[in-house]
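Protein chains in written order, with our numbering: chain A, 182 to 336; chain B, 287 to 822; chain C, -8 to 106.
None of these hints come from the bench; they were simulated from the model. We put the CB at the ideal spot given by N, CA and C, even for glycine.
With a Cα cut of at most 27 Å, we get these calculated BS3-like pairs of lysine-lysine:
#1 C:60 with A:251
#2 C:85 with B:381
#3 C:87 with B:522
#4 C:60 with B:381
#5 C:60 with B:570
#6 B:534 with B:522
#7 A:189 with A:314
#8 B:381 with C:87
#9 B:297 with C:102
#10 B:651 with B:619
#11 B:381 with C:103
#12 C:60 with B:522
#13 C:87 with C:102
Here are a few chain C residues that face chain B, going by a calculated C-beta distance under 8 Å:
#14 23
#15 41
#16 42
#17 52
#18 69
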Amino acid sequence: PRATITVKLLKQESTGRPITLEGLFVRGSEGKAQGKLMQSHPLSLCNTSEDERQESIFISIVKLESPESKVPQCQPLLDKARLALQRGAQAVIFDISDDPSAAQELRDGSSLADPVVLVTSSDADELMGLVNKNEEAMVYIDIMIDSPTWPHYDV
Amino acid sequence: HGSPGAAVPVKQCPSACQCEEDGILLLVDCSEQGLSSVPTDLSPLTSYLDLSMNNISEIQPNAFRNLHFLSELRLSGNHLRHIPGPMLQGLYNLKVLMLQNNQLERLPSEDPWELPNLLSLRLDANLIMEVPARTLSGMRSLRHLWLDDNALTEIPVSALNDLSSLQAMTLALNRITLIPDYAFRNLSNLVVLHLHNNMIRTLGQNCFEGLHSLETLELNFNDLQEFPVAIRTLAKLQELGFHNNNIKAIPERAFVGNPLLQTIHFYENPIQFVGRSAFQFLPKLHTLSLNGATEIREFPDLKGTTSLQVLTLTRAGLTSLPYDLCHLLPKLKVLELSHNVIEELPSFYHCTSLQEIGLQHNLIKQIEMNTFQQLGSLRSLDLSWNSINSIHPDAFFSLQSLIKLDLTGNRLSNLPMTGLTSLTHLKLKGNMALSRSFGLEDFPNIRVIEMPYAYQCCVFGGCSSYRSASQWEEQMGSEEEDFQKKSPSLFPIHTDNNYDLDLEEFQLAIEESKLQTSIQCTPIPGPFKPCDNLFD
Amino acid sequence: GNKQVSGVSSQGCQGGCQTCSVYNGCLTCKPKLFIHLERDGMRQIGVCLASCPNGFYGTRSPDRNDCIKCGSECDSCFNRNFCLRCRAGSYLHKGKCMESCPDGLVPSDTKKECV
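Between the sequences and the hints, there should be enough to build the whole structure, so can you do that?
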């Protein structure tokens, strides 16, 4: 289940063209969501870390680091996603460019209440680039409708 | 730098530092300047001095002699090994002294630091092996003491005797193995005591005598073999932690001396036995979690523990629940009783705040009409892996907030539909006698559904053009493969392709779309799992 | 103030970091330093400190030292429930911030305490 991620910069004039990116839903978490893009450090989603209240409606983006960087894996990624959603995130985007194995760990999201999307490569760089430059942006997540590519079966 | 003690212009700022005026006084920040000694031209009107994160290995005599107004001195993150008493002479007004992250091994005893107004002393993250008896005698106003992350092998009992004003202390992350009787005899004002991450194996029966004001006690990550009965003298205790120890039993009336307890954390202990009266008369307790206490046969007697919001009692031997459970625990929000041997359920009628019930892996056979009645806040109900063969038609009637219902692995042949319209997650797998078909109108908000048979998924999955099972898997697989080794060419991005959306339309679409989100139904129909009901 | 450890390590990290990355800043700190997750607009990056900034306290454990937020009414604290200095408008008494002092004590505006 693919996701379209439409990004609209807040500082640009209203005519600014939105950027369209793509990701992959964690299975079972497909859905629509919108909110301001906000970074969450991987360590901010441990059960010991405190709840950092956000005023605006936001979507969390988490840059996952490679296993070599030895970031303490304080809890499973699904629990991290759940914690972010419990703290008010409308959806969670994981940049797994440096940690592809995360896709395996995040294969079943049926217990998630809201969308969780994996991004990588150029889509991830685009989003993290905005974060790094602190360019405020609204993000709209939607389910990409694939045109059916399979023949009709008569049984 | 001038010679120590030479007259210094009143408001001069040492060259390596940044200064800021605070009325007539001066705030001086010399942190992280690579300094190897304390500047000698400090203004006598200095009230705040930050020398942290430098390379200072010793303090020259009289370095602070003229700083009578100094209120806060930060020397953290240097290379200090020893600070004889005279080095801190003249600091009559000092209130905060930060010495953490140095290499202090010994503290002065013959010539202790004279800091009569000191309130906070940070000695954490050093190499201190002992605190001599007279070390703290010159600091009788001390309120907050950090000695965590050092090399102490015992509680500095004599040194602590002088600190009757102490209110908060941490001795965590040391190598303490024993707390002797009367270790904190004079600390009648102590409110917080952290002892976690030591090697404490034995507690004297009277080791906490004298701690009349203690509210928080942390004993986590030690080697306690027995329940800390010494806590019985702590009448003001509100927060107690002894998780990650080696305690096997919680005795009867364990907390009889601690009526104000709000939280007790004791997970990660091999607890087998729990006295039935252990958790009585704790009117402020809001969470009680017991996992794997296999010797528990009867539900604990929670008389007088009326504010419980979360009760977790799993993997024990409970066979039944008290009929008046909800009279006893009216504020219950989460009830987690999985992996017991419960056969019958009382009515949860009065537990109107209940949001989550976990009863999976028990021996429940029937669900009566009033079992879950009036639970308007219930969001999640897990009854999986029981032996339920019948559910009263009105059993779910009043559950308007229920979004998750798990009945996996039971013996149902029918499912009452009344009250299930708000479900987003429904699991019925394993009920092999449940062969009826369902309709989209039964579950207007459903997103994830597990059925006993594939044909029951057709109505949710748009089977008129379904893909063969292998193709579906293949399609999913290739999507994820594409995703892993993706290259821009595979996914045309930023080109204005057919996905050119007007954002206002998108926002409107979100309001209506809650119903159209894709439904994930398993088992997935396919040529070997056709859409026709083979039983018709 | 509580400046982060300056200078840059061989890996291009801020001085106190053990490991870091462009987007997340510090990921792990050198021994005995605290990791603080600093919010800067959209960004949230890790920095390594010898003591936590105002409004946060340090918790030490064998594998990691974290800066954790104090209670809302507290400027500096020993742990989440024990305050060392209250914000303007409330007075400190035995680790609690109070708008009015218990019997027998009076509020001191200079000390911000009940005395």
